[in-house]
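Novice: As a plain string of letters, each chain reads:
2 protein chains.
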Amino acid sequence: MKIIIDAFGGDNAPVEILKGAALAVKELGVNIIAVGDENEIKKAITSNSIEENGISIAHAADIFKMEDNPVSIRHKGNETSMAVGLRLLRDGEGDAFVSAGSTGALVVGGTFIVKRIKGIKKTAIGSVMPGDNGPFMLMDSGANIDCTAKAIRQFAVMGSIYMKNVLGIENPRVGLANIGKEENKGSQLYIDAYEMLKNTPEINFIGNAEARDIPFTAADVVVADGFTGNIILKTYEGTALALLGNIKKIFTAGTLSKLSYLGVRKGLGDFKKKMDYKEYGGAALMGLTKPVIKAHGSSDAKAFKNAIRQAAQYSEKRVIDGLSEHLSKESGDDD
Amino acid sequence: MKIIIDAFGGDNAPVEILKGAALAVKELGVNIIAVGDENEIKKAITSNSIEENGISIAHAADIFKMEDNPVSIRHKGNETSMAVGLRLLRDGEGDAFVSAGSTGALVVGGTFIVKRIKGIKKTAIGSVMPGDNGPFMLMDSGANIDCTAKAIRQFAVMGSIYMKNVLGIENPRVGLANIGKEENKGSQLYIDAYEMLKNTPEINFIGNAEARDIPFTAADVVVADGFTGNIILKTYEGTALALLGNIKKIFTAGTLSKLSYLGVRKGLGDFKKKMDYKEYGGAALMGLTKPVIKAHGSSDAKAFKNAIRQAAQYSEKRVIDGLSEHLSKESGDDD
Chain A
41 MKIIIDAFGG
51 DNAPVEILKG
61 AALAVKELGV
71 NIIAVGDENE
81 IKKAITSNSI
91 EENGISIAHA
101 ADIFKMEDNP
111 VSIRHKGNET
121 SMAVGLRLLR
131 DGEGDAFVSA
141 GSTGALVVGG
151 TFIVKRIKGI
161 KKTAIGSVMP
171 GDNGPFMLMD
181 SGANIDCTAK
191 AIRQFAVMGS
201 IYMKNVLGIE
211 NPRVGLANIG
221 KEENKGSQLY
231 IDAYEMLKNT
241 PEINFIGNAE
251 ARDIPFTAAD
261 VVVADGFTGN
271 IILKTYEGTA
281 LALLGNIKKI
291 FTAGTLSKLS
301 YLGVRKGLGD
311 FKKKMDYKEY
321 GGAALMGLTK
331 PVIKAHGSSD
341 AKAFKNAIRQ
351 AAQYSEKRVI
361 DGLSEHLSKE
371 SGDDD
Chain B
41 MKIIIDAFGG
51 DNAPVEILKG
61 AALAVKELGV
71 NIIAVGDENE
81 IKKAITSNSI
91 EENGISIAHA
101 ADIFKMEDNP
111 VSIRHKGNET
121 SMAVGLRLLR
131 DGEGDAFVSA
141 GSTGALVVGG
151 TFIVKRIKGI
161 KKTAIGSVMP
171 GDNGPFMLMD
181 SGANIDCTAK
191 AIRQFAVMGS
201 IYMKNVLGIE
211 NPRVGLANIG
221 KEENKGSQLY
231 IDAYEMLKNT
241 PEINFIGNAE
251 ARDIPFTAAD
261 VVVADGFTGN
271 IILKTYEGTA
281 LALLGNIKKI
291 FTAGTLSKLS
301 YLGVRKGLGD
311 FKKKMDYKEY
321 GGAALMGLTK
331 PVIKAHGSSD
341 AKAFKNAIRQ
351 AAQYSEKRVI
361 DGLSEHLSKE
371 SGDDD
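Residue numbers (this note's numbering), protein chains in the order written: chain A, 41 to 375; chain B, 41 to 375.
Same shape as in the complex, but just chain A:
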């Protein structure tokens, strides 16, 4: 298994990215192609004593910056590490691609360089999220502000195949994110999507997943348009950050509370691990002809290693074969 990585994407690039790559070589037995400025990569490897065994370098002169227009990634002359990495993936130089860089650019680049599977309307972001009763996939979590009901139906099929193949969940429960459980809830898009999902025999549609229940793993696959999905993702993250920040403050407030921490350290540690989205890697770009993973922008070495593991599984578990089989026969008439 050979994974191509964007060595210059994310807040902690290139050092943490390369450390994560070295961890992945050691722990997962994969090979890595690190894309980016060759001299900079060599320098980072040497000065941080990173084990370079299993890591080869593919040179790319530029870096895709967060403020760059995502659409510029399409241009032939774009020599950013992200664009070069996606071209290497397209050309079969590796099995999957991982970047912690700009999500927008990765979606555009994936769609126009790697290309979508025939019949699939939209490239979607499937974020694997920690839930109270196990992880779930939230999809689309931000690629498509405007969606049709048919696109949401495809998200459901894609998410089901991913959760079954990669996370081993048999017959994953699909829920439509919504403001209530009843069938007629939400905007016309949601009423239409409900009707379509109900009539899709290859998925296990369980109805609306009310936003309040989503953190309790109301469904294994939660589908939504990209605007709503991103609002859910970010409200979830923000609320968790605010609450856990307060809990931390309480424990560090004084001597007695610091002592108290000792008594619940293991419980809190286990809980933190359960809720740590870094454990699950990143978000899978779905609908492309090859596996692309978006790692969190703030990824450290461990998070990036987990994203590489996710990319390897995405490839190994033949998710894309499953998507092609189920969706390539669909007409493209209402895109």
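If you're looking for bench data, these hints aren't it; they were derived computationally from the structure.
Incorrect hints may appear among the rest.
Copies of the same chain look alike in the list, so a pair counts if it works inside one copy or between any two.
[Unchecked claim] Below, in silico cross-link-like pairs of lysine to any residue (SDA-like), each with a Cα-Cα straight-line distance of 25 Å or less:
1) Lys298 to Ser355
2) Lys306 to Gly247
3) Lys312 to Ser338
4) Lys225 to Ser338
5) Lys221 to Gly337
6) Lys204 to Gly117
With chain A's structure known, arrange chain B on it following the hints.
Specialist: Just chain B, lined up with the frame of chain A:
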């Protein structure tokens, strides 16, 4: 100050509602008109030894059930406690109305019985939410699935007046809920709303409030269409419930962890109070000619008392005069 209450709305009606009313009489010095079946109310008061001083009863034979069609509240023959209470408010029998019953029915009933202020497009739900840096109003949090940019602009003006008059926040910061900070983020509705908000001199518009920052009180007034607002509200509540449930489990897991609780009890208690939405009362229905408060469906006596306090402030602080002054001159042409 005389507050009309729906004695038969909410999960814990009528006992907790009446207990809350008695608390409000005692602590806030208000008078209460409790609407509902007279015999049932008298029985509940007697058998729970509720102090009836300051509480008068207005008879209503029926109860509005959660499964009833909200639109039925409009009908002249509707004798539910909610409909009768709203008519008493319309007829000037009290200064404000509070119900913990069906939100949908209260919005419809408020709009058609109490009526909107001239010039206001939509009745909106302004929920006062606990944030990490103080409470904020989320509006619309569920009344209007479909909104125009102009309606969102009115939510901003209404929310600003409420937060200034009732919570005493000078020059409240208004943020547009969105998936990113940049001006061009979101669907066309959000791009249009941004433009309108930017050009509304009477509010302090600070730009987009990214969903991740909303729990940190990114703005004092967060505006959104009702679908998105309700998704934010419910994701926020669900995430908080899931996390706090886990924290509780950790502390009750064994003897050592129970002992640990003693060391952080005060800190956790203060935090719980800060995050307890019951402290803030309920949600204000905005745009109506008289104050209507929706208390939480699960309100206990204390929560309902807080909702009564909120109703009294809504009336006393002349929020509706402010709304009329700012919005009654608007044309109704793009409703």
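Novice: Sort out which numbered hints this structure fails and list those numbers smallest first.
Specialist: 1, 2, 6
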